[in-house]
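Chain S: place on chain V using the hints.
2 protein chains.
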Amino acid sequence: MKGFTLWFTGLPSSGKSALADDLAPKLRDMGIKVERLDGDIVRKTLTKDLGFSKEDRRTNLERVTFVATLLARNDVAVLAAFVSPYNDIRHWIREQHEDGQFVLVFVNTPVETCIERDPRGNYKKALAGEIKSFTGIDDPFEDPDDADIVIETVGRSIEETNDEILAKLKELGYIE
Amino acid sequence: MKGFTLWFTGLPSSGKSALADDLAPKLRDMGIKVERLDGDIVRKTLTKDLGFSKEDRRTNLERVTFVATLLARNDVAVLAAFVSPYNDIRHWIREQHEDGQFVLVFVNTPVETCIERDPRGNYKKALAGEIKSFTGIDDPFEDPDDADIVIETVGRSIEETNDEILAKLKELGYIE
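Sequence lines, in order, name chains V and S. When you number the first sequence by my numbering, it's gap-free, plus one each residue, and the end is 176. When you number the second sequence by my numbering, it's gap-free, plus one each residue, and the end is 176.
In isolation and in its complexed conformation, chain V is listed as follows (with noise of 0.2 Å):
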């Protein structure tokens, strides 16, 4: 099995890390090394000096790609959920792997249902204004237009949507 990085974009609360956790048993169950990278595993090691200004989080993206590429390139699947908003990031984020390495996955969740969700408090604090710059918000989510998988979570179940994902990365050669 070759190497590839499943990139889940979407907007906080979207449902990419539920997705990704998911996915992850169900692809070591098929033979297939996997590691999973998101904000909650990063920020505690490789990078925890980063904040989540602009810069900031582009610096985290940077630094996450790093380590995506490398396990890419040897035959592991990596499971990045981060909500990584802009195509100029995901456009760069795709360049630095290896021709056939990045599978983009829009998690195409409308804001009012991660509005509704919110696991975190994160938007209620953001629409309150206690928190800046929050993507959905006040600060934008460009739909990607390059995404290379585009999922639906509204009314659908974890699972559903994860077999989707597998038919789709079966289709594209990624997995048999």
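The set of hints was computed from the structure by calculation and includes no laboratory data. We put the beta carbon where it would ideally sit given N, CA and C, even for glycine. Do not rely on the hints blindly, as some may be mistaken.
Output of the computed footprint for chain V on chain S, the stretches with three or more beta carbons under 8 Å from beta carbons of chain V [to be verified]:
| no. | region |
| --- | --- |
| 1 | 42-50 |
| 2 | 55-64 |
| 3 | 112-124 |
Within a straight-line C-alpha distance of at most 20 Å, the following computed DMTMM-like cross-link-like pairs (lysine to aspartate or glutamate) qualify [unchecked claim]:
| no. | chain 1 | residue 1 | chain 2 | residue 2 |
| --- | --- | --- | --- | --- |
| 4 | S | 168 | S | 62 |
| 5 | V | 54 | S | 49 |
| 6 | S | 168 | S | 21 |
| 7 | V | 48 | S | 55 |
| 8 | S | 33 | V | 99 |
| 9 | V | 54 | V | 75 |
| 10 | S | 33 | V | 98 |
| 11 | V | 33 | S | 75 |
| 12 | V | 26 | V | 164 |
| 13 | S | 44 | V | 55 |
| 14 | V | 33 | S | 99 |
| 15 | S | 54 | S | 176 |
| 16 | V | 2 | V | 75 |
| 17 | S | 54 | V | 49 |
| 18 | S | 44 | V | 98 |
| 19 | V | 168 | V | 55 |
| 20 | V | 26 | V | 142 |
| 21 | S | 48 | V | 62 |
| 22 | S | 48 | V | 56 |
| 23 | V | 44 | S | 62 |
| 24 | S | 2 | S | 95 |
| 25 | S | 44 | V | 49 |
| 26 | V | 2 | S | 75 |
| 27 | S | 48 | V | 55 |
| 28 | S | 2 | V | 75 |
| 29 | V | 33 | S | 62 |
Same frame as chain V, but now just chain S:
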């Protein structure tokens, strides 16, 4: 093949990177996946924000270790060459790795020889007081108290030294 990190420690100009550079293709020829990590590589990417203060050098090693552990546990042979002069940081690096996935190579070249080699002229500058806290001159290098492999380089070719490292890796069961 199980992965491991082969960590070269030693004075500046002791020969760490030269050995690792020569060893990488030899391991690849054996069908082993290899990644090289050293200052010249990571300071352009992963740690480009860091300088050479004691704190920054520690942070540099922490980030490299994060990457090395991920690669090693995914069956990659990581060849890492860093001065890494203190026992406490080397112990910490070993502890971050899964059991048996860290192999410490002490490149035991006397400081007099390193001063003679000095390909970048850094010892010259340190001796002239133009670089401060330079390992081997005005900052200590602690000989490892837990080296798995100790090699001498004086009067020996890189080829000869790496043959010794390869023999030792076989003996320890890391390669066949």
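Tested hints:
1. 42-50: Our answer is that it holds, as 3 residues pass the Cβ test (under 8 Å) against chain V, meeting three.
2. 55-64: holds (count 3)
3. 112-124: violated (count 0)
4. S:168 x S:62: Given pair residue 168 of chain S, residue 62 of chain S is violated - Cα atoms ~27 Å apart, limit 20 Å.
5. V:54 x S:49: Satisfied, since the Cα-Cα distance of roughly 16 Å is no more than 20 Å.
6. S:168 x S:21: 18 Å, holds
7. V:48 x S:55: This hinted pair holds, its Cα atoms lying about 14 Å apart.
8. S:33 x V:99: 19 Å, holds
9. V:54 x V:75: 32 Å, violated
10. S:33 x V:98: Since the Cα atoms of residue 33 of chain S and residue 98 of chain V sit roughly 16 Å apart, the hinted pair holds (cutoff 20 Å).
11. V:33 x S:75: 9 Å, holds
12. V:26 x V:164: With Cα atoms ~13 Å apart, residue 26 of chain V and residue 164 of chain V stay inside 20 Å; holds.
13. S:44 x V:55: Given that 20 Å is the threshold and the Cα spacing comes to 17 Å, the pair holds.
14. V:33 x S:99: 19 Å, holds
15. S:54 x S:176: Answer violated: residue 54 of chain S to residue 176 of chain S is near 39 Å, above 20 Å.
16. V:2 x V:75: Since the Cα atoms of residue 2 of chain V and residue 75 of chain V sit roughly 5 Å apart, the hinted pair holds (cutoff 20 Å).
17. S:54 x V:49: Distance of about 16 Å is within 20 Å: holds.
18. S:44 x V:98: With Cα atoms ~18 Å apart, residue 44 of chain S and residue 98 of chain V stay inside 20 Å; holds.
19. V:168 x V:55: 34 Å, violated
20. V:26 x V:142: 30 Å, violated
21. S:48 x V:62: OK: residue 48 of chain S and residue 62 of chain V at ~11 Å, within 20 Å.
22. S:48 x V:56: 13 Å, holds
23. V:44 x S:62: Cα-Cα ~11 Å, so holds.
24. S:2 x S:95: Since the Cα atoms of residue 2 of chain S and residue 95 of chain S sit roughly 18 Å apart, the hinted pair holds (cutoff 20 Å).
25. S:44 x V:49: 18 Å, holds
26. V:2 x S:75: 14 Å, holds
27. S:48 x V:55: The hint holds at about 14 Å.
28. S:2 x V:75: 14 Å, holds
29. V:33 x S:62: Distance of about 24 Å is beyond 20 Å: violated.
In terms of the numbered hints stated before, the structure departs from hints 3, 4, 9, 15, 19, 20 and 29, listed from lowest to highest.
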